[in-house]
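Read top to bottom, the protein sequences are chains P and V.
1 is the number of the first residue of the first sequence in this note's numbering; add one for each residue after it.
1001 is the number of the first residue of the second sequence in this note's numbering; add one for each residue after it.
Derived by calculation from the structure, the hints in this document are not laboratory data.
Watch out, some of these pointers could steer you wrong.
Claimed, not checked - Cross-link-like lysine to any residue pairs, in silico, SDA-like; alpha carbons within 20 Å at most: (1) V/Lys1331 to P/Pro44; (2) P/Lys39 to V/Ala1382; (3) P/Lys161 to V/Ala1382; (4) P/Lys39 to V/Gly1376; (5) P/Lys39 to V/Glu1178; (6) V/Lys1331 to P/Lys85; (7) P/Lys39 to V/Ile1383; (8) P/Lys85 to V/Glu1178; (9) V/Lys1331 to P/Ala159; (10) V/Lys1331 to P/Glu157.
What the hints assert, rightly or not - What follows is a list of derived Cβ distance ranges for each label pair: (11) P/Thr20 to V/Ala1202: 32 to 38 Å; (12) P/Asp42 to V/Asn1117: 25 to 31 Å; (13) P/Pro105 to V/Arg1200: 41 to 47 Å.
For every residue, glycine included, the Cβ atom is placed at its ideal position computed from N, Cα and C.
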Amino acid sequence: MQMYQSTVRHPLSPEAPSVTDPVDEAMWNLFVAIGPYWKLTDDPEPYRLRFRTFMEDRINFNPIYRDYYEFAAKEINKLIAQYGKEKTYTSIFSGQYTGTPSEPPSWLDLIRLYVSGEFIGMRLAFGGFRNFGALNYCGYFGGANIQGEPVPYRTIEEAQK
Amino acid sequence: MKVGTLIVGSGVAATAIVQRLLEKNPQASILLLEAGDRIKTMDFGVWQNYLLTGSLPYTPYDDLNYPQRDAPGENASVGGTELPLRGGRVFVYGGSTMHWGGWSFRLKPEDFQLKTNTGQALDWLFGYETLEPYYCQAEDYLAVSGDSADKTVPRSRPYPFHEFPFTLEDKPIVTAMEKLGYAYGHLPIARRGISSVPSRHAPCQTTGTCKYCPFGARYVASNYMDDLRAWNDYPNLDIKLGAIVKSLRMDGKTRVAGLTYVDKTTGEAVLVDADRIIVAAGTIESAKLLLRSKPDEWPKGVGNDSDMVGRHIITHPYFVFTGALPTNPLKLQPEMNFPTFVTRHFDSPEEQAKGKFMLIAPPDTVPIALAGQMQGGQTRAAIDASIVGSNLLQVHGMIEVFGRFNNRVTNLPRLNHLGMEETSVDYTKDSGFDDRMAEIQKHVTDIYEAMGGTLSSKPSISWRVDHAASTCRMSKDETEGVVDADLRVHGVDNLYVCSNAVFPSIGSINPTVTLTALSLKLADHLNDAGAQE
């Protein structure tokens, strides 16, 4: 009798390809632009490797993400050529997906849903959340609760000191 | 096929029993049958997807909603009060530990004497002192972090890991407790810490994604069962996934001979004989298995001559109070994914007859959602203003309700989307429940005032079956319940039930530590009785 059934459901595919360097650069620039737009003071450079890994993970999880990233890079580069970086990033960050089930999402909606929106989530989880006053955040690896060591989140006790 | 011990289910009860049996006899012959599939745990890509989308890999293995006008759904709610099944349990390898919150309370001594104290339901067949050593072992097994100096419930030895300090978000309610003179404490939580005891399991990294922990720091039974397989030499331990148990087979009236299951992969019926069977399939499925097993000797279902199986179902109504915090100068916001504060002030002998209740400060007491605000296009100035301005302020809790004969679960003659018999839930809340909730609201209103907030409305109440219990409750004989003090089905020498189903009552707190303690106690009983029946 087998311990494991033969049809384990898991979406990862070891064959999924990674992003190309130009796409990676366009996506990294979009990720970095989150900081100035929301006046985040954390330095994004330490996130560089994790960001690349993040995109690879998303593609491994669902291969359509490679298309999302390639499509976003192409459209964003076109916009930047026409309007410049600041206006381009502002147009992406200042809006939100407002489509309805009867109306297919626009290309900008797709970028907001699957690219910039997720980048915002990761930017906060990597450490950007600290700009808003907290010490820990869902998705951030705050660290263990070790007696005698600093607590990895804000506590009543610390606030009273 | 013939095995020594056959266990139906693969959740915390099954896994704790297996581990204890194998510690005594590494050669023990044990087979687990699990209807569900394997969900990969501790996978970074799956975790990342959950973080970004809120999508969990095991939700396809939840019940569907009850049928609606435009959606066929599954199962049936036929009573006056709907007990939602969807989200309350998970049919996967590891059972509902896949999604549990890890709140790890002990019952209080008075909970074991509910009938004596109030006339409600039944007393347990043993007292708190009998279970106390097993509570300690259960806390070790589940890796509970708690406050060992807390005197709320008597304890003979410390928690394995020290408590998580109160978050700053707890400050309003802690202030209120001090003003009102209510007792409060640290919520004991199954999150592994760091100690001198070596472990293969990682400590909690306060990552705040506990429904899918990337490290396995929250107990999930399948991780522990995998350990038993991967790291030990237990040649006669076996697990079969996708095995839907259809019925028990008897050898005369007083002995179970084995069971029949359907292999989901092949669709074939498989017969297994066993020296003893432990039904550890949760409160609802355990009762349903006994009910649909109708050999000639038990025409109303195994152990059901007195019509007790499936009866007396209870759960915890989980209530959410929402009010307003006028300003938020401390920028209180979620920093954790589990609560660190609890008050069991109203979980007391004085409240027992009316229904004890407990209150917690949820991890999103002030439910600020930064990512959502940014993704929604809000500016930095707007977000900053929203954080320090007026915000919502939440208090959650649970209340004890009492078992009633007419509240029951039964099988429906059709299969759900996973191939298992559907469930009929017939439940109607007590007529006095709404009045009791109104009393609780008065107390909570006082707490909100002491917090400097205002309570805006009645609570929302979920009757979901997460803590469902009592459908095979323990009793002195078969006229009042289904199993004896050793969890053996009345009238069957080698058939046991080990799930929340055997609880005569559940107090006002989460049942998993109590279930784990009962599981370890049962394993000791079986070990004392010999390797086989």
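Here is how each hint holds up against the structure:
no.	hint	verdict
1	V/Lys1331 to P/Pro44	violated, 24 Å
2	P/Lys39 to V/Ala1382	holds, 12 Å
3	P/Lys161 to V/Ala1382	violated, 30 Å
4	P/Lys39 to V/Gly1376	holds, 16 Å
5	P/Lys39 to V/Glu1178	violated, 39 Å
6	V/Lys1331 to P/Lys85	violated, 33 Å
7	P/Lys39 to V/Ile1383	holds, 11 Å
8	P/Lys85 to V/Glu1178	violated, 54 Å
9	V/Lys1331 to P/Ala159	holds, 12 Å
10	V/Lys1331 to P/Glu157	holds, 16 Å
11	P/Thr20 to V/Ala1202: 32 to 38 Å	holds, 35 Å
12	P/Asp42 to V/Asn1117: 25 to 31 Å	violated, 56 Å
13	P/Pro105 to V/Arg1200: 41 to 47 Å	holds, 45 Å
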